[in-house]
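**Student:** One-letter residues, chain by chain:
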Amino acid sequence: MALPEIISGHVWKLGDHVNTDLLHPPSHFSLDEKRMKEGIVEGILRLGAGVKGDSSDEGWIIVAGENFGCGSSRETSVRGLSVFGVKGVVAVSFARIFMRSLINLGIPVFESGEIQGCVKDGDLIRISLKKGWIESPDSRRFPFSAIDPHLKKILEAGGLVSYLRSEKHGV
Amino acid sequence: MGKGYTGEIIERHRDGRKEGEYLSAQVDFVLLHDPTFALLLPELKESGEEIWDRDKVLLTVDHFAPPSSIERANIVKEVLSFAAEKKLPHLSVYQGICHQLLVEGPWLKPGMLVLGADSHTVTGGALGCLATGMGSTDILYALITGGTWLKPPEAVRIDLREKLPPYLMGKDVILDLLGRYGEGGFLYQAMEFYDMDEAIPMDDRFAICNMVVEGGAKNGLFLPDRVTENYLMERDGHLEKSKDWLERGFKYSRKIEMDLSSLKPKIALPHSPAQVIDAEEIRDEAIDQVFIGSCTGGRLRDIELTAKLLRGRKVARGVNLLITPASQRIYKKAIEKGYFSAIIEAGGVVLNPSCGPCGGIDKGILGREEKCLSTSNRNFKGRMGDPSSKVFLSSPLTAAASALAGRIVDPREVM
Ligand code: SF4
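Chains A and B, in that order, give the protein sequences.
Using the working numbering, count along the first sequence one by one with no gaps and you end on 171.
Using the working numbering, count along the second sequence one by one with no gaps and you end on 415.
Treat the hints with care, since some could be wrong.
[What the hints assert, rightly or not] Distance condition first, Cα-Cα at most 25 Å in a straight line; then the derived BS3-like pairs of lysine-lysine:
{"#": "1", "chain 1": "B", "residue 1": "Lys390", "chain 2": "B", "residue 2": "Lys314"}
{"#": "2", "chain 1": "A", "residue 1": "Lys130", "chain 2": "B", "residue 2": "Lys314"}
{"#": "3", "chain 1": "A", "residue 1": "Lys168", "chain 2": "B", "residue 2": "Lys390"}
{"#": "4", "chain 1": "A", "residue 1": "Lys152", "chain 2": "A", "residue 2": "Lys131"}
It should be emphasised that the hints constitute simulated quantities derived from the structure, not laboratory data.
Isolated chain B (complex conformation) (with noise of 0.2 Å):
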């Protein structure tokens, strides 16, 4: 029996009350968007409460963004018009993907409490804090009441050792971690990564535990060390240290050991992120469409490392490049940098940041049997198209070399 950080974090924001396995918790900070935000709204109003701190509050609009249809057009209009009228200081419109959002602002800090009304503001425990989605029911009340219950998790801990080699990224780390464990196995867990060597760049962090999602963990997060001081010294210009820097002598029910220099780049296979084998072995999967964003792989060393492989290049007859950086601050930073000129130049087409293909709701729908190489989080069957298409999942490095080659390619052929 080991509860972890985790658990440490949750016996910090209780408030006392407990009703069978559950406990009652204050939290530090909600996140919403568009679509889970609008399920809510009309209780909301209907009960006529009010929003418990508003200045404790993300509101996007990233999923609709911009609207494609009358009847999501009127869905924005709906919550654009409530934000207004209350005020909500944190809002963000068309500005990119929720949980980049979230990880860019001032908000989240190691140890603190987070919800959100997405299956993956998991990404945010990249920071060192407990971060875990909900439906929008169980968000309604945490956003009236401040607090919500949670039952404490067991934790598992997994020792990554060594530096990722350069044709490797944490989307892989991931991915090798759900095709070994399952598309349950870590159910109701927490998953504490601790980066022995203090490696891997947080932007790998965040797809890391994008995807913990997809094994069943109810949360995902790195052991806050000096990657995370970095970032957050960076953004934020000052550092607000706690103990939980040094701390280290949390109790875990598992424990998994990771050398990251022996692994190979992965593939999830249709229809599920957790059927995963390397990218060495797939022949001749000739390929629609390659997709580089989503909340897991549209960051800014996603796109750099897209750029640098395809500069001066083309990306092959046949294929459909597109690429949608997770945020415009990213998008902004990509071209200045000369990543989308490069991109550009090899045949790529660059979207807006937002949803987009991701969930099939926008652009870079598919069509009939078409075969798509996505760097998102989720293959399952019919949620980028038609459902008789499919999505193979991978890296951005892996993707960005499979739309060099025309087929799916350890990144390592085409480096």
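Same shape as in the complex, but just chain A (with noise of 0.2 Å):
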């Protein structure tokens, strides 16, 4: 499965050090999508986000700041980021475990410290894989890291699982 050329999405903004417990209450931990769901709205909720507790058609794309998802290891939080429509995550740092689950799990990760501060919740964003920018809906464009080939190739796959697979068994 190829990597979309250009990923387009909502804002929703979070600040620095926005842990998975917040985004996720542990107390909303379950194996069904449905209330895995409900954990991010409840989420939504506690971290007083301006976005609405709801799927919008076009998806979400977060933009973060620093050390995004530090906290628990617990997967619930990007299954239901995931099942919510986030469709990319653009953050200025990323907490090591969280990082990798949505690699993981097929949702491309984006550091770039300068956007933060030019988008606000609801804005419509794109984001060009290929050329490497994020572009505000003023058309200002903002660059982001180099994704790193290992994490790009989990990507490409569609996330670890289907990266394993093709490693085992080359499909």
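Using the supplied hints, reconstruct the complex from the two chains, each of which is provided in its own coordinate frame.
**Tutor:** In structure tokens:
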């Protein structure tokens, strides 16, 4: 599965050190996708975020600050984001387990320190994976750090499970 | 550029493959627990693949232990039926918290590469190995292939000098570091501790390594020394020594010096483990609950110091003191040594070994605007209950002292 050349979505803005317990409260742990999504909706409430607790047709792109996703390794937070319609995550920096889990589940991550101050909740932004820019609604373009070739390979496979399948069986 | 002992461990586990900055490495041991294993179970079954080496896997049921809802009971049931079907040799049901069970068992040794489906797997680094947590999908990969992809972290050397004074514990050491360097202060780095005077008890080392992840570190470890040696001798009845015991010539990108004798008891304020002040600076902070437990603060020395402080005294009115031993083994020892009689007589309540109140999983969940002083590792908003509740973090000694006082105090006030 090739990655789309352009990802677009509405901005869901978050600050520094947003932890996974806030994003997806541990009390909402469940294997049920619907309940995982409810966890994200509860997280949005607790974060006092500007997005409404519902999906949009375009999907969401999170634009966060430093050390995004610190705390628990529970993948329910990432799966919840995926069910909620998050198509990509931009942050100044990521907590390592969270970043790995996003990639493993096929959600591209972008490290960029400049766009944070220039977009607000709900803005429609576009990201070109190939050309390496993130575009704000007023057509300004911001660069992001190059994605590591290993992580890119996992993303291009569609996640770690497919990467493993192709590594083992060549399909 | 220095990768420390961690870099050396990765180097020894490499299988030669490299993609970008990531190296493929063989793992020595994998830790799993009920909720995070349940998350990877459907994919594991669907893949039709087998676990690469069942002898190198510990599966615990410690979060939903025992389950407190029908949904959780069904999750545990699934996990247990898989373990029975595959005849997993190391299965531990309701015996304690995974990170404690992992270091009590005969598996971890210095120089190993250990992964766990839980962020606090870093605890195992106290035994001189590279232990780190990952999400369920990464662990699924390791379970099937016996390997993982790692980006070697930069290493920070932390020299600890002098002995811990009687009012301080390992928890104060790590809270001090988190307070000074922040929640992202060690992002993607290895924290390597040198106990220069070989004076920090192993239980305190576990508490220190447990919380390195709160500073963003990939792993934390204590260079193996005589404390490690004694622990392994007592645990296994014998010792396999390697040259790691003496090797000290590793390179580091940063160095931190700490004089333990000059530290003061610390408190992390709500809602960040890195928002740290001295306990003596806190005035009139009344608390509703004190929780002594979790994979950070429910070990034998934690319970011992609690019991010694509480003996013959009473917990303040209006404070609920909950104690959760980190494992059945600790539970039994604490009973034998009379620690729990002292705690119960003082008014404390002893819960079964499990995660329990720590992640707001069950028992001891906080209500609206309640305040709790906890020996656990995270005081994130809403983690222990109602989003308006507040959690402070401290050492078990400070927690016990505060339970007596009914408000947060420096333990020296009541010692
Ligand atoms: S005790 Fe708390 S931090 Fe430790 S494994 Fe259990 S829930 Fe996680």
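**Student:** Which earlier hints turn out false for this structure, listed by number in ascending order?
**Tutor:** 2, 3
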